[in-house]
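Start from chain A and add chain B according to the hints.
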Amino acid sequence: MDAIFLQILNGLDKGGAYALIALGLTLVFGTLGVVNFAHGAIFMMGAFCAVTLEKILTLSVRVKDESVTFFDAYKETPYLEVWFGETGKAIIDWSVPLSIILAIPVMLLIGIVMERSLIRYFYKRPHAEQILVTFGLAIVLQELVKSFFGANPIPQGAPDIVAGSAAIGAVFGLGESVVYPWWRLIYLAFSLLTIGLVFSFLHFTTYGMVVRAGMADRETVELLGINIERRFTIVFGIAAVVAGLAGVMYTPVLPPDYHLGMDFLVLSFVVVVVGGMGSLPGAVLAGFLLGILQSFSSMTEVKDIFPGIDQIIIYLVAVVILLTRPRGLMGRRGVMES
Amino acid sequence: MSETKNTRNVTRRTILKGTAATTGAALIGGTFPMHFIKNAHAQTFRGDPGSSGSVKLGFNVPQTGPYADEGADELRAYQLAVKHLNGEGDGGMLNTIKPLELKGNGILGKKVEFVTGDTQTKSDAARASAKRMIEKDNVAMVTGGSSSGVAIAVQGLCQEMGVIFMAGLTHSNDTTGKDRKRYGFRHFFNAYMSGQAIAPVLKDEYGTDRRAYHLTADYTWGWTQEESIKAATENIGWETVNTVRTPVGAGDFSQYITPVLNSGADVLILNHYGKDMVNSLTQAVQFGLRDKQVNGKNFEIVVPLYSRLMAQGAGDAAKGILGTTNWHWSLTDPGSQAFVKSFGQEYGFPPSQAAHTCYVQTLLYANACEMAGTFAPWEVIKQLEGFEFDGAGNGPTLYRAEDHQCFKDVLVVRGKQEPQSNFDLLEVVKQVPRSQVEYPADMFGGELGPYQV
Numbered sequence: 001m002d003a004i005f006l007q008i009l010n011g012l013d014k015g016g017a018y019a020l021i022a023l024g025l026t027l028v029f030g031t032l033g034v035v036n037f038a039h040g041a042i043f044m045m046g047a048f049c050a051v052t053l054e055k056i057l058t059l060s061v062r063v064k065d066e067s068v069t070f071f072d073a074y075k076e077t078p079y080l081e082v083w084f085g086e087t088g089k090a091i092i093d094w095s096v097p098l099s100i101i102l103a104i105p106v107m108l109l110i111g112i113v114m115e116r117s118l119i120r121y122f123y124k125r126p127h128a129e130q131i132l133v134t135f136g137l138a139i140v141l142q143e144l145v146k147s148f149f150g151a152n153p154i155p156q157g158a159p160d161i162v163a164g165s166a167a168i169g170a171v172f173g174l175g176e177s178v179v180y181p182w183w184r185l186i187y188l189a190f191s192l193l194t195i196g197l198v199f200s201f202l203h204f205t206t207y208g209m210v211v212r213a214g215m216a217d218r219e220t221v222e223l224l225g226i227n228i229e230r231r232f233t234i235v236f237g238i239a240a241v242v243a244g245l246a247g248v249m250y251t252p253v254l255p256p257d258y259h260l261g262m263d264f265l266v267l268s269f270v271v272v273v274v275g276g277m278g279s280l281p282g283a284v285l286a287g288f289l290l291g292i293l294q295s296f297s298s299m300t301e302v303k304d305i306f307p308g309i310d311q312i313i314i315y316l317v318a319v320v321i322l323l324t325r326p327r328g329l330m331g332r333r334g335v336m337e338s
Numbered sequence: 001m002s003e004t005k006n007t008r009n010v011t012r013r014t015i016l017k018g019t020a021a022t023t024g025a026a027l028i029g030g031t032f033p034m035h036f037i038k039n040a041h042a043q044t045f046r047g048d049p050g051s052s053g054s055v056k057l058g059f060n061v062p063q064t065g066p067y068a069d070e071g072a073d074e075l076r077a078y079q080l081a082v083k084h085l086n087g088e089g090d091g092g093m094l095n096t097i098k099p100l101e102l103k104g105n106g107i108l109g110k111k112v113e114f115v116t117g118d119t120q121t122k123s124d125a126a127r128a129s130a131k132r133m134i135e136k137d138n139v140a141m142v143t144g145g146s147s148s149g150v151a152i153a154v155q156g157l158c159q160e161m162g163v164i165f166m167a168g169l170t171h172s173n174d175t176t177g178k179d180r181k182r183y184g185f186r187h188f189f190n191a192y193m194s195g196q197a198i199a200p201v202l203k204d205e206y207g208t209d210r211r212a213y214h215l216t217a218d219y220t221w222g223w224t225q226e227e228s229i230k231a232a233t234e235n236i237g238w239e240t241v242n243t244v245r246t247p248v249g250a251g252d253f254s255q256y257i258t259p260v261l262n263s264g265a266d267v268l269i270l271n272h273y274g275k276d277m278v279n280s281l282t283q284a285v286q287f288g289l290r291d292k293q294v295n296g297k298n299f300e301i302v303v304p305l306y307s308r309l310m311a312q313g314a315g316d317a318a319k320g321i322l323g324t325t326n327w328h329w330s331l332t333d334p335g336s337q338a339f340v341k342s343f344g345q346e347y348g349f350p351p352s353q354a355a356h357t358c359y360v361q362t363l364l365y366a367n368a369c370e371m372a373g374t375f376a377p378w379e380v381i382k383q384l385e386g387f388e389f390d391g392a393g394n395g396p397t398l399y400r401a402e403d404h405q406c407f408k409d410v411l412v413v414r415g416k417q418e419p420q421s422n423f424d425l426l427e428v429v430k431q432v433p434r435s436q437v438e439y440p441a442d443m444f445g446g447e448l449g450p451y452q453v
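Protein sequence lines correspond, in order, to chains A and B.
Just so we're aligned: the first sequence equals residues 1 to 338 in UniProt numbering.
Just so we're aligned: the second sequence equals residues 1 to 453 in UniProt numbering.
Hints in this document: simulated from the structure, not taken from any laboratory.
Heads up, the beta-carbon is just placed ideally off N, CA and C, and yes, glycines get one too.
Treat the hints with care, as some may be off.
With the C-beta cut set under 7 Å, the calculated list includes, among others, these residues of chain A facing chain B [what the hints assert, rightly or not]:
#, residue
1, L6
2, N10
3, A151
4, N152
5, P153
6, P155
7, I161
8, S165
9, G173
10, S177
11, D263
12, T300
13, D304
This is chain A alone, in the form it adopts within the complex:
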C-alpha cells in the first residue's frame, strides 16, 4: 500500500513535468500549426536560467588557497556573502525560486524572438520541414549552452528549508517510512497551478477567448479585423515561459545539463500524440497518465513479471491508444488530417 501510494506521487510528479512541456507544445501546434522540436530545448534553457542566476549570485572573490601547496590554487567566496553576510547566504540559498523572476521575461523574449526570426517562415511549409528546422535549432541551442556551461550536469539546490523530505505517510495514515521530498511536492503543486493559470487565461480573459477563436477558425477571426498573428506570437512566448518555468523548477530534482531538453522531447511528443494533437486538456491528462504508468511499471513486482517493461511502457500505451483511438484521447477531428 505504501509503495503504491509513493508510486502514485512519483507518477503525478513526473506527469507534472510532462504535462507542462506537452501543454506548451500542443498550444503552439494548436495556434500556429507548427510542430516544434525545439520545445525541449526551451525547457532546457529555462533550467539554465536558474543556473545563470546562481552563477551571478555566486560571483566570487578569488583568494589564494594556502592549503594547496603543489601549485597556485584559489578559494572563492561569493561577493554576496562578503557584503551581506547571512542575508547574502540566504539569497544564494533561494536562487532557484528567485530564478522564476528572471526566467519569465527572458523566456518570453526568447520565445518571441524565436517565433519572429525563424518559426514564422515555416507556417505554410510541410510538417517535415518544420521538424527539420526546429530540430536543427534545438541542436544549435544545446551546443551553445554546452560551450558556455560545459557538458557536466550542474547541481542546483532547493532552499534549505525544503531540501529534506516530508513525512507524508503520517498525514495520510500510512507508515512512517512513507516520506517524499518537499521539493517534488512543491513541483507537483507548481505544475497544477501553472496548468490552472494557462487554462484560466485561455478561458476567462478576452485575449484568451480570441486566441481560442483563432485556433478554431483563424480566417473568420482575421476577417473580424483582429491581428491574430500577433496574438499567436504572444502565445508562442507564453508556451516558452511555461516550458521555461517547468525547467527552472525542475533543476533541484535533476541537475541540468545541455542534453536535458532532448531527454524530455520525445516523451512530450508521445504525450501530445496520446492526448490528441492540439487538445490542451488531452495533453495534461496524458501527461499525468503516462507519468503514473511509468512509475508503476518500474516497480520490482511488475518488472519481475514483465522484465524491461519500464522502458517500453509509454510507447506500448501509445501504440494501443493510437490503434483504438487514432486521434488520441481527446483529439479533435480534422487536426493533422488532410
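Chain B alone, transformed into the frame defined by chain A:
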C-alpha cells in the same frame, strides 16, 4: 649512339662496381640496409614511423556527449605527456618512474606528435575514429576513452588491425577479463578490485549485519560491478535484498528509489557512473535515505566507483559517501606529486583520476618502445607484459602478462564534509595494498590472442 653502346656492354665487373657504389652511397646517405641495424624487423607493421623523424600517437577521447568534461581532462593529460616525452616542461613523472629508459628526446629519438578523435562515448563512433587514426594518420598506438563499452569495442578493433591500445578509464572486469586482447592494456583498476578494497572498510564502518539494495547501470560495466560488489559484501556477512537494473541515462531515478524505502534494506549501493551517478545519488539523498533509520541503523549509501568530477556534480549529496578510486591528486608519493605539480602549473587545477591513468599509460607505452628498441607492436607488447615499475602513484605496480591488467594499490575514499577548495572533494580513507586486490589471471576467462596479426 655511343651511350647505347655503353649500356649494352654490361660486364660482370661493372655490375659489381655498381652494387658497391650503391651500397656505399646508401650507407653514407643514412638509408641503412635493414640487416645492419640492431633489432631491425623485416616485417612491416601498421603505425611504423619508418625513417620519419616523428612518431604519431592517437588520443581517442570523448569530446562530445555526457563524458566530455572527463575526455577534456584526459586530453590535457595526454598533451602534458607528449610535452614531457619531447623533453619540454619539468618532465613530470619522467623523473620518478623507475625503471625508465626515456630520455626526454621523444621515443627512440623520434619526436612525439599526436592526433585526436572523438569517441562520443559510443562504441561505433569510437571505432570509426580509431580506425581513421590508424589508417589515415598512421598512428603507432591508440589510447583513451572513459567507458568500458567503448574500451572493449576499440580494443577489439586494435587487435584486428595490429595496433596497441592503451585503455583510458574503463572499470569493467571484462576489459581484461573475458574480452582481454593481446594488443589491449589497462592501467586503471576494475570492479573486482573495488569490491575487494571497499569491503573491509564497509565492514569496519557499517558492521557485518547489513542488508544491501543495488541499483545498477544496465550494461557491461554495471553488471560486472554489481557482481563483484555483491560477492565482496556477502563475504563480510551482508545480505543482498534486491538488485535492480536501470537504463543508462534514465535521468529521473525516483521510481527506482521509492521501492528502496520499504524494502527493509539499510544500505543502497549505486552501481552508476558519470551523469547517472550524479542523478541517482542526488535523488536518493532528496528522498531522505540518509536521514533514515532502518533496522535500528543509519541508512547508508555506497558508490563503489567514485571520481572527483562526479563528486563535483553531486555537490552536497556526495559528502560522507564511501567509494573507491584508482588515484587521487592528494597522494603524497613523489610520482603523484610530480604529476600534480606539472598538471597544476599547466592548467591551474589538479588532474582527475582519468587524466592520471591516461598520462601514465602514454609514458609506459613510450618506455616499452624504448626498451624494445622498436615500434614493432609484438616486441613492445613483450616489454609491457610482466613489466614492474614504481613511481607512478599507487606504489609498486605490475602489468600482469597473462591478462594485461595493472596491479597496484587501490584507494578507498569518502566525500569530504568540509572541502577546503573547489577540488578538495574527496579524502583518502585507506590506501588498500595491492596484495589485497589481486586475483588469479584465469578468474574471468578470456584469451589474449596472437602476438602477430
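- Hinted contact N152(A) with chain B - closest CB pair below 7 Å: With Cβ-Cβ at 5 Å, under 7 Å, it holds.
- Message: Hint A151(A) vs chain B: min CB-CB distance below 7 Å?
- Response: holds (4 Å)
- chain B contact restraint for S177(A) - C-beta distance below 7 Å: Hint holds; S177(A) Cβ to chain B Cβ min 5 Å, cut 7 Å.
- Message: Can you verify the interface hint for T300(A): is its Cβ closer than 7 Å to any Cβ in chain B?
- Response: holds (6 Å)
- Query: Does the nearest C-beta of chain B fall within a distance shorter than 7 Å of the C-beta of G173(A)?
  - Reply: violated (16 Å)
- Query: Should the hint that N10(A) touches chain B count as held when the rule is a Cβ pair under 7 Å?
  - Reply: With a minimum Cβ separation of about 5 Å from chain B (threshold 7 Å), the hint on N10(A) holds.
- Are P155(A) and chain B close enough, Cβ to Cβ, to be under 7 Å, as the hint says? P155(A) check passes; min Cβ-Cβ to chain B is 4 Å, inside 7 Å.
- Residue hint I161(A), partner chain B, criterion CB-CB below 7 Å: violated (14 Å)
- Query: Regarding the hint that L6(A) lies at the interface with chain B, is the smallest CB-CB distance below 7 Å?
  - Reply: Holds. Min distance 4 Å.
- Against chain B, is S165(A) within 7 Å by beta-carbon distance? Constraint on S165(A) satisfied, holds at 4 Å.
- Holds or violated: is the Cβ of D263(A) closer than 7 Å to a Cβ in chain B? holds (5 Å)
- Item | Closest C-beta approach of D304(A) to chain B relative to 7 Å, hint status | At about 10 Å, which exceeds the 7 Å cut-off, the nearest Cβ of chain B leaves the hint on D304(A) violated.
Of the hints listed earlier, those the structure fails to meet are numbers 7, 9, 13, in rising order.
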